[in-house]
Amino acid sequence: MKHSNNIIHFKVTLDYEIDFPPIEFYQKFINLKTLSLYNNGRIRNCFDSRFLFLNCPKLEILQIGRVSQFVLSNIISKTEGSLWYIRAGYTYDENQSKELIRTIYQYCPDLCNIYLVIDDQDFEELQQLLMKCKNLFEIILQSHKRGKLMSNGSILLDLLVRYAPINLEEIELVSNWEITVNDLEKFLKNWAHRENPLEFRIRHVPSITDEHLKILDTYKEKGIIKLFKNMEKS
5 MKHSNNIIHF KVTLDYEIDF PPIEFYQKFI NLKTLSLYNN GRIRNCFDSR
55 FLFLNCPKLE ILQIGRVSQF VLSNIISKTE GSLWYIRAGY TYDENQSKEL
105 IRTIYQYCPD LCNIYLVIDD QDFEELQQLL MKCKNLFEII LQSHKRGKLM
155 SNGSILLDLL VRYAPINLEE IELVSNWEIT VNDLEKFLKN WAHRENPLEF
205 RIRHVPSITD EHLKILDTYK EKGIIKLFKN MEKS
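Mapping of the sequence shown onto my numbering: position 127 corresponds to residue 131, and the numbering continues sequentially without gaps.
Treat the hints with care, as some may be off.
Unchecked claim - Think about it this way: if two alpha-carbon atoms lie no more than 25 Å apart in a straight line, the pair counts; the simulated DSS-like pairs of lysine-lysine are:
| id | residue 1 | residue 2 |
| --- | --- | --- |
| 1 | K138 | K193 |
| 2 | K218 | K136 |
| 3 | K190 | K138 |
| 4 | K149 | K193 |
| 5 | K15 | K102 |
| 6 | K193 | K226 |
| 7 | K230 | K190 |
| 8 | K32 | K15 |
| 9 | K193 | K218 |
| 10 | K190 | K233 |
| 11 | K15 | K62 |
| 12 | K37 | K82 |
| 13 | K190 | K218 |
| 14 | K218 | K233 |
| 15 | K37 | K62 |
| 16 | K230 | K193 |
| 17 | K15 | K138 |
| 18 | K149 | K82 |
| 19 | K193 | K233 |
| 20 | K224 | K190 |
| 21 | K136 | K82 |
| 22 | K136 | K102 |
| 23 | K233 | K149 |
| 24 | K15 | K37 |
| 25 | K62 | K149 |
| 26 | K82 | K62 |
| 27 | K102 | K82 |
| 28 | K32 | K102 |
| 29 | K37 | K190 |
| 30 | K136 | K37 |
| 31 | K224 | K193 |
| 32 | K149 | K138 |
| 33 | K62 | K136 |
| 34 | K32 | K62 |
Hints are computed from structural coordinates only; laboratory data are not their basis.
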């Protein structure tokens, strides 16, 4: 453990039976570039309390599961601008969500790939992220609401087409976004003015119908969409 400052890549899945390393271990990842941490869901409190002390200033890739948004923000705020890939599983907290997105665009100017769980209250901060993270290539956006459609799918699509950087080529929408046929067609018409064709993915989006799929096929034939994936059927 005294050599943790020499570790470049660290990947581990933690179980409730494991003996956690001492807190000092997590404070010495000063040269770490890749961090992949997952737990089995039974050690949430211990997971949060330990990884609150993570210090990874040179971090480039962050993959972490089952942490709070507060801890995730804390990890990101200790990086020094090299973090470009973030995949984090977390429980949505309306009191922490805006701060998390704000932390990401403040500390990750070279961000390329991001997964976010959001609500409509987060759209203003999402807009800022789209405007400030000029290298953004892929964004995955999950609605935090379960069993209820998010009625602001049209606003989300408008934000993406108006404010996303020119490098953005991959969009994935997850869970209960309400997107009408007109919303989708308007989005794709506007996307046609961009230089790069779009890879568009959906997962568990109940509002998508056969009419939506026909429109997607049409814009794929036009070259506006380079690839469409319905992840439930892939």
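Here is how each hint holds up against the structure:
{"no.": "1", "hint": "K138 with K193", "in the structure": "22 Å, holds"}
{"no.": "2", "hint": "K218 with K136", "in the structure": "34 Å, violated"}
{"no.": "3", "hint": "K190 with K138", "in the structure": "24 Å, holds"}
{"no.": "4", "hint": "K149 with K193", "in the structure": "28 Å, violated"}
{"no.": "5", "hint": "K15 with K102", "in the structure": "28 Å, violated"}
{"no.": "6", "hint": "K193 with K226", "in the structure": "11 Å, holds"}
{"no.": "7", "hint": "K230 with K190", "in the structure": "17 Å, holds"}
{"no.": "8", "hint": "K32 with K15", "in the structure": "15 Å, holds"}
{"no.": "9", "hint": "K193 with K218", "in the structure": "14 Å, holds"}
{"no.": "10", "hint": "K190 with K233", "in the structure": "19 Å, holds"}
{"no.": "11", "hint": "K15 with K62", "in the structure": "16 Å, holds"}
{"no.": "12", "hint": "K37 with K82", "in the structure": "13 Å, holds"}
{"no.": "13", "hint": "K190 with K218", "in the structure": "14 Å, holds"}
{"no.": "14", "hint": "K218 with K233", "in the structure": "13 Å, holds"}
{"no.": "15", "hint": "K37 with K62", "in the structure": "6 Å, holds"}
{"no.": "16", "hint": "K230 with K193", "in the structure": "14 Å, holds"}
{"no.": "17", "hint": "K15 with K138", "in the structure": "29 Å, violated"}
{"no.": "18", "hint": "K149 with K82", "in the structure": "30 Å, violated"}
{"no.": "19", "hint": "K193 with K233", "in the structure": "19 Å, holds"}
{"no.": "20", "hint": "K224 with K190", "in the structure": "15 Å, holds"}
{"no.": "21", "hint": "K136 with K82", "in the structure": "19 Å, holds"}
{"no.": "22", "hint": "K136 with K102", "in the structure": "15 Å, holds"}
{"no.": "23", "hint": "K233 with K149", "in the structure": "22 Å, holds"}
{"no.": "24", "hint": "K15 with K37", "in the structure": "11 Å, holds"}
{"no.": "25", "hint": "K62 with K149", "in the structure": "34 Å, violated"}
{"no.": "26", "hint": "K82 with K62", "in the structure": "9 Å, holds"}
{"no.": "27", "hint": "K102 with K82", "in the structure": "18 Å, holds"}
{"no.": "28", "hint": "K32 with K102", "in the structure": "29 Å, violated"}
{"no.": "29", "hint": "K37 with K190", "in the structure": "40 Å, violated"}
{"no.": "30", "hint": "K136 with K37", "in the structure": "23 Å, holds"}
{"no.": "31", "hint": "K224 with K193", "in the structure": "12 Å, holds"}
{"no.": "32", "hint": "K149 with K138", "in the structure": "29 Å, violated"}
{"no.": "33", "hint": "K62 with K136", "in the structure": "20 Å, holds"}
{"no.": "34", "hint": "K32 with K62", "in the structure": "12 Å, holds"}
In the structure shown, a violation is registered for the earlier hints numbered 2, 4, 5, 17, 18, 25, 28, 29 and 32, in ascending order.
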